[in-house]
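Chains as they are written, first to last, in numbering that gives the first Met the number 0: chain A, 0 to 1006; chain B, 0 to 106; chain C, 0 to 414.
Rather than coming from a laboratory, the hints here were simulated on the basis of the structure.
All C-beta atoms, glycine included, are put in the ideal place defined by N, C-alpha and C.
A hint or two may mislead.
[Said to hold, decoys possible] Listed next, the stretches of chain B that the computed footprint assigns to chain A, with coverage defined by at least 3 CB atoms under 8 Å from CB atoms of chain A:
{"#": "1", "stretch": "23 to 34"}
{"#": "2", "stretch": "45 to 53"}
{"#": "3", "stretch": "76 to 89"}
{"#": "4", "stretch": "93 to 102"}
[Said to hold, decoys possible] Facing chain A, according to a computed beta carbon distance under 10 Å, are these residues of chain C, among others:
{"#": "5", "residue": "Lys52"}
{"#": "6", "residue": "Asn53"}
{"#": "7", "residue": "His54"}
{"#": "8", "residue": "Gly73"}
{"#": "9", "residue": "Asp195"}
{"#": "10", "residue": "His241"}
{"#": "11", "residue": "Glu244"}
{"#": "12", "residue": "Gly247"}
{"#": "13", "residue": "Phe248"}
{"#": "14", "residue": "Arg249"}
{"#": "15", "residue": "Glu289"}
{"#": "16", "residue": "Glu312"}
{"#": "17", "residue": "Ala317"}
{"#": "18", "residue": "Lys383"}
{"#": "19", "residue": "Glu385"}
[Unchecked claim] Computed list of chain C residues with no C-beta within reach of chain A, every gap over 10 Å:
{"#": "20", "residue": "Ala7"}
{"#": "21", "residue": "Arg57"}
{"#": "22", "residue": "Gly69"}
{"#": "23", "residue": "Ala89"}
{"#": "24", "residue": "Pro114"}
{"#": "25", "residue": "Arg165"}
{"#": "26", "residue": "Ala184"}
{"#": "27", "residue": "Ala208"}
{"#": "28", "residue": "Glu220"}
{"#": "29", "residue": "Thr296"}
{"#": "30", "residue": "Ser307"}
{"#": "31", "residue": "Ile319"}
{"#": "32", "residue": "Lys329"}
{"#": "33", "residue": "Pro352"}
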Amino acid sequence: MGMSTRLATGGRLLNRARAVEFNFNGKRLTGYEGDTLASALLANNQVLVGRSFKYHRPRGIVASGAEEPNALVNLGKGGRFEPNQRATTTELFEGLSATSQNHWPSLEYDVGVLNNYVARLLPAGFYYKTFMAPRAAWKHVFEPIIRQSAGLGKAPKDRDADRYEHFHAHVDILIVGGGIAGLQAARTAAASGARVLLVEQTANWGGRAPADGSVVDGIAAEEWITKAVEDLEKMDNVHLRTRCMGAGVYDHGYALAYERVADHLPANGQPRHRLWRIRARQIVTATGAIERPLSFAGNDIPGVMLASAVRDYVANFGVSPGDRTVVVTNNDDAYRTAIALKEAGLDVPAILDARPEATGPLARRARDLGIRVEPGKGIAKVIGGKRVTSVKICAQSGEGAALEEIPCEAVAMSGGWSPVVHLWSHCGGKLTWDETNAHFRPDPDRAPTNQDGEGFVKTAGAASGEVSTANCLKDADAAGRAAAKAAGFKPEPGDAATAEAEEVQPMLPVWVMPQGAGIAKRMKMWLDYQNDVKVSDVQLAAREGFESVEHAKRYTTLGMATDQGKLSNINGLAVLSQSLNSEIPKVGTTTFRPPYTPISMGSIGGEARGELFQPVRQTPIHDWHQANGAYFEPVGHWRRPYCYRRDGESTEQAVQREVKNTRQALGLLDASTLGKIIVRGPDAGRFLDMLYTNMMSNLAVGKCRYGLMCSENGFLIDDGVVARLDDDTWLCHTTTGGADRIHGWMEDWLQCEWWDWQVYTANVTEQFAQIAVVGPNARKLLEKLGGMDVSKEALPFMQWADGTIGGFSTRVFRISFSGELSYEIAVPAGQGRAFWDALVAGGEEFGLMAYGTECLHILRAEKGFIMIGDETDGTIIPQDLGLDWAISKKKDDYLGKRAQARSHMTDPNRWKLVGLETLDGAVIPDGAYAVGEGRNANGQRNTIGRITSSYYSPTLDRGIAMGLVDHGPNRMGEVIEFPTLGAGSQPIRARIVDPVFYDKAGEKQNV
Amino acid sequence: MLLLNCPCCGVDADETELAAGGEAHLKRETVGAEDEAFEAYLFMRDNPRGVHFERWRHAYGCGKWFLAARDTVTLEVFGTYPAQTKKPPKAIENALKKKRPDWKGWA
Amino acid sequence: MKRYSAFAIAREAARYHTGWERAWRSPEPKTHYDVIIIGAGGHGLATAYYLGKNHGIRNVAIIEKGWLGGGNTGRNTTIIRSNYLQDPSAAIYEKSRSLYETLSQDLNYNIMFSPRGLIMLAQTHHEVRGYQRTAYANALQGVKTEFISPARVKQLVPIMDISGPRYPVLGGLYQARGGTARHDAVAWGYARACSDMGMDVLQKTEVTAVRSEGGTVTGVETSRGIIGCKKLSIVVAGHSGHVAEMAGFRLPIESVALQALVSEPIKPCMDVVVMANTVHGYMSQSDKGEMVIGGGTDGYNNYTQRGSFHHIEETVRALIETFPMISRLKMLRQWGGIVDITGDRSPILSKTPLGNCFINAGWGTGGFKAIPGSGWAMAELVAKGEPGPLAAAFGLDRFREGRFIDESVAAGVAH
């Protein structure tokens, strides 16, 4: 019984002095430092590692790197649990705990495998053809079953225990991939003086060359790599990172790299992942190539692996995949695997070479080692269940009649190599079909282009489609040179590393093995292991008319698994093009999307989580609010007190208390968030006349005026009080949410339309704290604090004055959004808290209480004042709100004037603002609609109005509301009905009234 | 992530520093304009697949608006220039004619 | 057309599925059709289907530059809902949603409509008011929605953190019969049904010019020759401006990229669709197990269909706040779709300056959900030459009159 096991010697990446204990499905196992989880599992004879997506077939490790489709595990526990972690790219660490996925009750005995026994009933797209009756069954029966059976890893439950961070890098040249091509490209590029960042996705430099036994500059690749890295590390203009994957290439030279800082050292205090946001003048992708599987019956049985992966496990990790490995190939490279196995003392019963003859130097060497080489042969069928036990061999040219059965524990397959073109393609780089090597490679004439229309990505080595070490090095040197030049540097005539040219026997494209395999065999040939897509599925798609590669992909789900088709895309495409009697390049490829391999959401979010999620804007008085029971509401990025809750009070009770107290005694409002924009200059008045619907140029110095601003589309966008500070200067108040927007709006017009007007604007919102002192006792408080004259005579309503109050230097505006005697007082932001404290201390004897935004809303609603965002919603013009008085008739133009003349804007049937008083005093729900007679052509109830603001008024002890009603102002006294929601609920009847509910004459604010 | 040179402060600004402002060189129509002309000013847009003149604001930088000629398919930037002009500078027009021979030209 | 059923699958299984016929024919173009529809996306195919089914017009060609369903139909986040505020929107989206309910049966093609429920989160007081208003409007429009409490939100979506430090959940607008469907299947199902009615779906056929005489369209020039028609319908989403220019008129449209991504598949953990407009993100879980996430649009004209990363960052960040567990999932793939944004962000189903030419465009970020309703309304417009009640409000003339249909009123983003 030949197990997969650890060899006594070998394993260049292992530290055998350091054993590492880990846990898989509850079993305690041991590996070595330097192992991946995959190599450690194989070393422990754990070949079965998961179940496939659809048929729940047993799945083993196929690859040794990022392309692995099968070996996905649930990793870690609690706040460090992560599903779908690839075992091949998971470095082993002490205490690692992993479980396999997608099975019940266990990996060995999975009930889901029933799907496998009825697989014939479940071809590609079967679900589009059934599960349609009865209609409710899809949602309640079929979909839940499918969902439960699909999906892979478990959903994490706990909050992420790790942290993440972002780095920014600006470099001349980013090189992705630290194999010999990447290293050579870096050497060449760095020699020119360019700033180079070289990233490698694994923990080790050098890529495949050491395991392949390459020789560079006359020395073993491993030695050359060590030296190259040492040389690069000494250079100040070079930055090197391992465990850092080039994840995506975006427009204008933007690139992402994903550094797995602490995946192998969990909970060590470092961020788990680091996302690099890179801006590079040039990018070199030295991303290597990925070996393709061969399509033969049973190619998914655990123990069937890529030939290169078998070689990696032997050479890098000292792991034998089994005593006897049959190699099956269509190219020379797989012979390296046979030779490596043989040299490690393992048995290679046969090399099945689909090519009619095997004449290359590697074939000669294999024969010299005594390995049986069978040209023109392939695999008819792999025998085995949860593990390969033998293969039946056949002629590649035939229909698969078995010639012989060879017992073995592993199959090493190679269908040729495909360059990793993902990063090249992300931003529009185009591909060309290479007949010789049967792969798509980057077309250097159609590179992705940057902001100057120039190509900004080069490829190096195997990523360019080069196969030999010698050519890879030459190509890498050329890429480094070209990138340096394109980045504005002068590359030195260099001393690029070289390798000896190799004689290679051409590969033979083999898309189905054997060539004439019948349907029963083709139904057992897997293209996409994870998603269970077989050769027969792609052929079915073609037969049913899913001829475009995108159709076939979507119909069969080929290439849509977590490996995104790294192993399956080309094979699937070839099968499709054969089915369509077309050529591969004519059928084309699907689109490569970032990222290259999946990256954690945590890393995308970075540091910005929890309290740091978005910036919080706080007024200078924020700490006082916090200490005094404020319940905050977000208003844009600001936090404003909604109300201040005292012991035992509900929010509603607090709001009512605040309203009553402000009306009866004295309220204090932190109005600092209100926008404050200075507009100054010889043309400032003219400018404001364009901006506001009413006239601002004729406002007298020292006076205030309420103004409205509309968009060019005529809609009301903001309002506020404008004060004229001096001949040339106005101060415009905006809403809290409008400050930045309106300032930007002003600048837009000044810079882009009226650029010859002499106007200067400054948004000084945060330079001042502004506090509203409101209520019958307002003047008493200010007079007590002393300083300037705030009497009605000295400072009448709608005027402002500078002066001192209680020793503070202030600007006082006599404006009111409450209907009460009110002073809005601005002080420099740094004085805001001290001034507030002085007001609070002085106000105690006058019954002072702070109030929040909800009280503010009720006070203004009782007065019938509109609120931007309540009475307006982006579709309302001032005329709808009865604000015609604030629209100047004298002006030729203002922003929005022409728009307001359009037919729908002047339509007399537009709903108009009114007050609404419920007959029984109840509060109409916010947002309710009033119904009219009948239904419209679409069967909807006709409506005649809607609520825009609705409150319980503590002052009047009843519900009050404002709303827009069809011909409302002409229907005073009429009663209309507002249906309410919920079973058996009764409509609320309300009378149309004037929107001013309190102090209609406006006497209280003007005292 | 686009990179546009702000002609006011001279820096190459990341897209995240900028706010896009739609088609450039629109002529403001106002009181007195026919309905059709006013509708065109507010809503009708060239929206070309190719050369597009557009407005940007260096919102998280110097705060200035500027204009750019950019290809909406390749995202190539042919140049940026100050907003205080009614048509693109000659240099950009020339560059465009050279790089995009089939460009319909500045109307 | 051979009917699809479990029985048919069993029958075919016996012969290894070698007997299935083409889902749609691949015909040569005829010289003349009663109606040519440019664009074989969901909307174009649905228009054709209802022309045949509701109006008996079957001499129809649907001309597609690439492959059918290859535009936004195949690259959206598949959300279906009708909880719109304004009457015209609610009418057409609810018509659409109700057609989705039986679409699998109508087409004999399982489009996997999954009315799993949809919640739009209210995370500011402003949103609470906006969604309450929508709930009141919906009740009168015949759209079943309700405003639900934070506790009920949590009950429906246990993985959600409703007390997030920055934007706690204050409630939600819930549509129990909202949900998702399989996007490709919608296009394929309609295409199969159209083909079965004798209509020609002409893929890989590019329209290069629109021919007209005296304000009347006579046909189109294509990469496969000149094809004549009595009526022309332009239904090309992100390419509307381009095709309209061929026909000689301009549109109030700008095309921008919308960002989306999916995670790796995991076992079922979320049974409803959640949209969070305050933080610009929405998420659902596909039947395959992927978390399907949509974000915002770029603010500039863009035809690249590529994802841009900074939007993804913002979206993912916001969703981690709302669904902390996704922090340890991985992003599998991101992409961009080109969406037409009109002057009021509502669609256009309209007559054009050419008497026998009609346009369907401007669905912005939310076209998928509208496919059946849009096709229904468009077919009526094309067949009768005048809009029926569903399309009436969506004419091009509204921009001149200032008669907008603005849905941003209730929520900042509309999907």
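Right, here's what the structure says about each hint:
1. 23 to 34: With 7 residues in contact (Cβ-Cβ under 8 Å with chain A), the coverage given for the stretch 23 to 34 of chain B holds.
2. 45 to 53: violated (count 0)
3. 76 to 89: holds (count 3)
4. 93 to 102: violated (count 1)
5. Lys52: With Cβ-Cβ at 18 Å, over 10 Å, it is violated.
6. Asn53: violated, 16 Å
7. His54: violated, 18 Å
8. Gly73: holds, 7 Å
9. Asp195: With Cβ-Cβ at 12 Å, over 10 Å, it is violated.
10. His241: violated, 19 Å
11. Glu244: violated, 24 Å
12. Gly247: For Gly247(C), the interface hint is violated, since the closest Cβ of chain A sits about 25 Å away, which is over 10 Å.
13. Phe248: violated, 20 Å
14. Arg249: Check failed: Cβ of Arg249(C) comes no nearer than 18 Å to chain A, outside 10 Å.
15. Glu289: Since the shortest Cβ distance to chain A is 9 Å, the answer is holds.
16. Glu312: Since chain A brings a Cβ to about 6 Å from Glu312(C), closer than 10 Å, the hint holds.
17. Ala317: With a minimum Cβ separation of about 8 Å from chain A (threshold 10 Å), the hint on Ala317(C) holds.
18. Lys383: violated, 14 Å
19. Glu385: violated, 13 Å
20. Ala7: At roughly 7 Å from the nearest Cβ of chain A, Ala7(C) sits no farther out than 10 Å, so the non-interface label is violated.
21. Arg57: Its Cβ never comes within 10 Å of chain A, the nearest being 20 Å, so this holds.
22. Gly69: violated, 6 Å
23. Ala89: Ala89(C) is in fact no farther than 10 Å from some Cβ atom of chain A, at 7 Å.
24. Pro114: violated, 6 Å
25. Arg165: violated, 5 Å
26. Ala184: violated, 5 Å
27. Ala208: Its Cβ never comes within 10 Å of chain A, the nearest being 25 Å, so this holds.
28. Glu220: Check passes; 23 Å lies beyond 10 Å.
29. Thr296: About 16 Å separates Thr296(C) from the closest Cβ of chain A, which puts it past 10 Å; holds.
30. Ser307: Given a closest Cβ separation of 6 Å, the condition is violated.
31. Ile319: Incorrect as stated: the minimum Cβ-Cβ distance to chain A is 5 Å, not above 10 Å.
32. Lys329: Non-interface label on Lys329(C) violated, nearest chain A Cβ at 3 Å vs cutoff 10 Å.
33. Pro352: holds, 19 Å
The structure is inconsistent with the numbered hints 2, 4, 5, 6, 7, 9, 10, 11, 12, 13, 14, 18, 19, 20, 22, 23, 24, 25, 26, 30, 31 and 32, although it conforms to all the rest.
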